[in-house]
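430 is the number of the first residue of the sequence shown in the working numbering; add one for each residue after it.
Hints were generated in silico from the structure; no laboratory data involved.
Values in this document were obtained by computation on a predicted structure and should not be read as measured data.
Among these hints, one or two may not hold up.
Unchecked claim - Here are the in silico distance ranges between beta carbons for each label pair:
(1) Ala463 with Glu438: 31 to 37 Å
(2) Pro436 with Val456: 25 to 31 Å
(3) Phe490 with Ile542: 19 to 25 Å
(4) Leu538 with Ala471: 20 to 26 Å
(5) Arg454 with Gly474: 26 to 32 Å
(6) Arg454 with Arg543: 33 to 39 Å
(7) Ala531 with Asp458: 43 to 49 Å
(8) Ala465 with Thr535: 28 to 34 Å
(9) Leu444 with Leu467: 31 to 37 Å
Ideal Cβ placement from N, Cα and C applies to all residues, glycine included.
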Amino acid sequence: MSHPAKPPEPAVPELLTRLSEQTSRLVRDEVRLAQAELTAKAKQGGIGAGFLSVGGILAWFGVGVLITTPAEHENSQGPRRLQARRTLPLLSRRELGETVGALAATAALLPAIRARR
430 MSHPAKPPEP AVPELLTRLS EQTSRLVRDE VRLAQAELTA KAKQGGIGAG
480 FLSVGGILAW FGVGVLITTP AEHENSQGPR RLQARRTLPL LSRRELGETV
530 GALAATAALL PAIRARR
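Construct the complete structure from the given sequences, taking the supplied hints into account.
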C-alpha cells in the first residue's frame, strides 16, 4: 500500500503574502458593504424626512382652513349680490380642512409605519 504524497507546505514568506492579500481583500469588501448599508439607511431616512415635511405643510394649511371657516361663514351672510357670485364648492371648508388634516397625519405617520416592516 502506498500512501499519497503530502503536498509541500508553503514557506513562511508565501503564507505572509497570502495573509496580506486576503486581509486587504476582506477590509475592502467590508468597507463596500458598510457603504451600501449606509446608503440604504440614508435613502430611507431621506424619504421619512420628506414625508414628515409634507405632513407638516399639509397640517399647516389644514389648520389655516379650519381657522378661517367660521369667518368665511359669517361673511357669507352678507349682501345678496356677494352671495350670487359665490359658486358651490365641491367640499365645504370644514370638510376640506378635515381632509387636509387626515392627509397630513397619514403623511407624517407613513415613515413610522414603513419602519416597522
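For each hint, the structure was consulted:
1. Distance hint for Ala463 and Glu438: a CB-CB separation of about 36 Å, consistent with the stated range 31 to 37 Å.
2. Separation of Pro436 from Val456 is about 29 Å and conforms to the stated range, judged on CB atoms against 25 to 31 Å.
3. The given range of 19 to 25 Å is respected by Phe490 and Ile542, whose C-beta atoms sit roughly 23 Å from each other.
4. A C-beta distance of roughly 21 Å is found between Leu538 and Ala471, which places it inside the suggested range of 20 to 26 Å.
5. The beta-carbon spacing between Arg454 and Gly474, approximately 31 Å, falls within the hinted interval of 26 to 32 Å.
6. Distance hint check: the CB atoms of Arg454 and Arg543 are about 36 Å apart, consistent with the given range 33 to 39 Å.
7. Checked against the given bound of 43 to 49 Å, the beta carbons of Ala531 and Asp458, roughly 47 Å apart, stay inside it.
8. The hint said 28 to 34 Å for the Cβ distance between Ala465 and Thr535, and at roughly 31 Å that hint holds.
9. In this structure the supplied range 31 to 37 Å holds for Leu444 paired with Leu467, their Cβ-Cβ distance being about 34 Å.
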